[in-house]
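J.: What follows is the residue order along each chain.
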Amino acid sequence: MNLAAEAFSHVDYLVTVALFLIGAWILLTSGNLVKKVIGLNIMETSVFAFIVTTGMIDDGAPPLLAAGVEGPFASPLPHALVLTGIVVAVSVTSLALVLILRVKAELGSVELDEIASAGEQPGAAAPPDSRGHAND
Amino acid sequence: MTEWPHWLPILAVLPLVGGALTPLLFHRRPVAAWFWAVSVAAATTLVAMTLLLKLIASGGLSYAVGGWLPQYGIELRFDEIGAFALPASLLVLLSLSFSRHYVARAVDSGRISFYYALILINLGGLNGFLITGDLFNLFVFMEIFSVSAYALVATAREPVAALAALKYLFLGALSSLLVLFSVGVVFAMTGTLNIEDAAADLDLSTPMPAALALAGLATGFAVKAALFPVHFWLPDAHAAAPAPVSAILSALVVKAGVVGLLRTLELFAGGEGLLQPMLNSIVWLGALGALGGALMALVQRDIKLMLAYSTVANIGYILIGLGLSTASATTGAMIHVVNHAVIKVLLFLAAGAFIHRTGLRCIDDLRGLARRMPFTAFAMGVGLVSLSGVPPMAGFVGKWQIAVGALQAGRPILVAVLVIAGLLVLAFSVRVTNAMYFRPPSRISAAAATEAPVSMLFPLLVLTAGCFGLGMAGQVMLRFVAPAVPGLYGGIP
Chain A
1 MNLAAEAFSH VDYLVTVALF LIGAWILLTS GNLVKKVIGL NIMETSVFAF IVTTGMIDDG
61 APPLLAAGVE GPFASPLPHA LVLTGIVVAV SVTSLALVLI LRVKAELGSV ELDEIASAGE
121 QPGAAAPPDS RGHAND
Chain B
137 MTEWPHWLPI LAVLPLVGGA LTPLLFHRRP VAAWFWAVSV AAATTLVAMT LLLKLIASGG
197 LSYAVGGWLP QYGIELRFDE IGAFALPASL LVLLSLSFSR HYVARAVDSG RISFYYALIL
257 INLGGLNGFL ITGDLFNLFV FMEIFSVSAY ALVATAREPV AALAALKYLF LGALSSLLVL
317 FSVGVVFAMT GTLNIEDAAA DLDLSTPMPA ALALAGLATG FAVKAALFPV HFWLPDAHAA
377 APAPVSAILS ALVVKAGVVG LLRTLELFAG GEGLLQPMLN SIVWLGALGA LGGALMALVQ
437 RDIKLMLAYS TVANIGYILI GLGLSTASAT TGAMIHVVNH AVIKVLLFLA AGAFIHRTGL
497 RCIDDLRGLA RRMPFTAFAM GVGLVSLSGV PPMAGFVGKW QIAVGALQAG RPILVAVLVI
557 AGLLVLAFSV RVTNAMYFRP PSRISAAAAT EAPVSMLFPL LVLTAGCFGL GMAGQVMLRF
617 VAPAVPGLYG GIP
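Protein chains in written order, with our numbering: chain A, 1 to 136; chain B, 137 to 629.
Everything labelled a hint here was simulated from the structure, so no lab data went into it.
Careful, some of the hints might be misleading.
[What the hints assert, rightly or not] In silico lysine to any residue, SDA-like type, Cα no more than 20 Å apart, as pairs:
| no. | chain 1 | residue 1 | chain 2 | residue 2 |
| --- | --- | --- | --- | --- |
| 1 | A | K35 | A | V52 |
| 2 | A | K35 | A | V110 |
| 3 | B | K190 | B | V167 |
| 4 | B | K190 | B | D244 |
| 5 | A | K104 | B | K190 |
| 6 | A | K104 | A | I115 |
| 7 | A | K35 | A | I22 |
| 8 | A | K35 | B | W369 |
| 9 | A | K104 | B | E216 |
| 10 | A | K104 | B | D244 |
| 11 | A | K104 | B | E294 |
| 12 | A | K35 | A | R102 |
| 13 | A | K104 | A | G31 |
| 14 | A | K104 | A | T93 |
| 15 | A | K104 | B | R293 |
| 16 | A | K104 | A | A18 |
| 17 | A | K104 | A | I22 |
| 18 | A | K104 | A | V34 |
[Claimed, not checked] Here are the in silico distance ranges between beta carbons for each label pair:
| no. | chain 1 | residue 1 | chain 2 | residue 2 | range |
| --- | --- | --- | --- | --- | --- |
| 19 | B | G246 | A | L28 | 48 to 58 Å |
| 20 | A | L83 | B | H142 | 25 to 35 Å |
| 21 | B | A609 | A | A116 | 44 to 54 Å |
| 22 | A | V98 | B | F594 | 28 to 38 Å |
| 23 | A | K35 | B | P548 | 29 to 39 Å |
| 24 | B | H142 | A | S9 | 19 to 29 Å |
| 25 | A | M56 | B | S245 | 47 to 57 Å |
| 26 | A | L21 | B | S175 | 43 to 53 Å |
| 27 | A | V90 | B | G246 | 23 to 33 Å |
On a predicted model such as this, the values are computed, not experimentally measured, just so you know.
We treat Cβ as the ideally placed atom computed from N, Cα and C, and that holds for glycine.
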């Protein structure tokens, strides 16, 4: 009972956890590489949302405003963290997309099961003389 | 010079800046890029050595980035765990030295300057990760070495490399996000990002959020460290990468996950009820990893895959030691982190020298190579004997300490696990050594191979000497690491 009440007082946290799990599900189960990247981005967004949410302090007052000025207060540090996190996320996403382009060019597909079945039948979608290239 | 305080940030900044400059200065000039990268890594090694001497002389160092004092600003600290930066820099230096002739074949010529840049950036991220005392900084440096590692796997020419790098990226990014999420939880609970400060402030009486943070951190770093059930990204990525990159990934990047665990478990030192079940499960997963990794290594035909699975096994040993958390088991784990790094760089580089000269990577095809490449074969043999933990060699010290710790903790079954896994390792070592030394060549390229060039032999011989030296220096390392151990998660005796 107590637990349920506590849970509903933090709906925002529950939403971010749900988003995180949705993203993780897509990342781990989808066979399409691009969809995996999308799942990854959903997870990243959920974590950023969570950290920004923790910066909201109930009844907090801004430390550096002129007397008489009232306003809602959010701790700036989580925002700075999330900005850094977004930069990291962008670089991870771009690297993943570039790698997907290379997989598509070299293995002919972005679907994991198609890549696997192409690997089982040599010649069907065999990459152009990779072995000899590596050893020459 | 000794009073100059800025050596600590230089340790991370030097390779990061040096790496970023490499493609700008030396694009399409591979020899110049190689020379530059080796110089930067050598300078970093010297900085790490300076710091280590200062640590031995006057105890731990602390540095406030930008003059903002710890607890508010970012704190860098150099302690017995941070001292891992010295072997890390040295091993990267040797792998870079090895790379000169290797990358000319294994990497497209247009990518070579980026290859060196990424290795230096990877070193910068690792060093930063080792010396930071700030939770968010830990995440940022982790991303620096992780993202550069994903890209390094993809520098190989084989078409599977891009796919292996992608698998590594997906799992790596998932684990990074778990860590970031937990850092967010810890920050929300304590309002601070400084690790020591957060450890003091973390409220462990309401177990729910703290348990969430502990689970996120432990899972995240376990994926980075390739602990048993989440190890499956490792063999693909480590086998597909160019050999010097495999060496760095297996020896250092994977160990960063272990260091991450060491650093963050201390947050939860007060909560016996939280930490103990976690440590217990780490022990059992480590035991499964040690057995499973050694078994999988035994059945591999590709020598780099075999070495990759043996990394899974060794991470298993290390995490058994960490999870037992008795003094000797933890020191054993910390020593094995370094010794296994040296051994595994040696093995991957020796395998790389074989691949470079013959183009063969199947164990059965290496037959008779000892006659044509005696020094490389000797290095490979020494590495394999060390890996199986035969007494005077480097692999022995850590495993012995972990086994002693298991006995002290009253869990002899773990000693049995260690012994059985050791025997399995010995079995595949004998198999490779037998093929190299006592079989006639079965391939023309193996029969016609010539000894590897000096830039490859030099690191191999240094590392071979290291395998003997670290075995002898076990006492010294034990005494060096010992002061750090009581501080780890509450100092369980």
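J.: Within 20 Å, alpha carbon to alpha carbon, are K104 of chain A and G31 of chain A?
T.: It holds: about 14 Å lies between the C-alpha atoms, which stays within 20 Å.
J.: When you check the alpha-carbon spacing of K104 of chain A and K190 of chain B, does it fall within 20 Å?
T.: 52 Å, violated
J.: Checking one constraint from the list: CA of K104 of chain A to CA of I22 of chain A, max 20 Å. Satisfied?
T.: 26 Å, violated
J.: Range first: 28 to 38 Å. Now tell me if the beta carbons of V98 of chain A and F594 of chain B are that far apart.
T.: 35 Å, holds
J.: Are the Cα atoms of K104 of chain A and I115 of chain A separated by 20 Å or less?
T.: 9 Å, holds
J.: Just to be careful, I want the Cα atoms of K190 of chain B and V167 of chain B compared with a cutoff of 20 Å; is the pair within it?
T.: 35 Å, violated
J.: Given the hint that K104 of chain A pairs with E216 of chain B, test it: the Cα-Cα distance must not exceed 20 Å.
T.: 46 Å, violated
J.: Is 25 to 35 Å respected by the C-beta to C-beta distance linking L83 of chain A and H142 of chain B?
T.: With a Cβ separation near 26 Å, L83 of chain A and H142 of chain B satisfy 25 to 35 Å, so the hint holds.
J.: Given the hint of 48 to 58 Å, check if G246 of chain B and L28 of chain A actually sit that far apart at their C-beta atoms.
T.: With Cβ atoms ~34 Å apart, the hint is violated.
J.: Taken at face value, is the distance from the CA of R293 of chain B to the CA of K104 of chain A at most 20 Å?
T.: 15 Å, holds
J.: Going straight from one Cα to the other, do K104 of chain A and D244 of chain B come out at no more than 20 Å?
T.: 19 Å, holds
J.: Do the Cβ positions of K35 of chain A and P548 of chain B conform to the proposed distance bound of 29 to 39 Å?
T.: 49 Å, violated
The structure does not agree with the numbered hints 1, 3, 4, 5, 9, 16, 17, 19, 23 and 24 stated previously, though it agrees with the rest.
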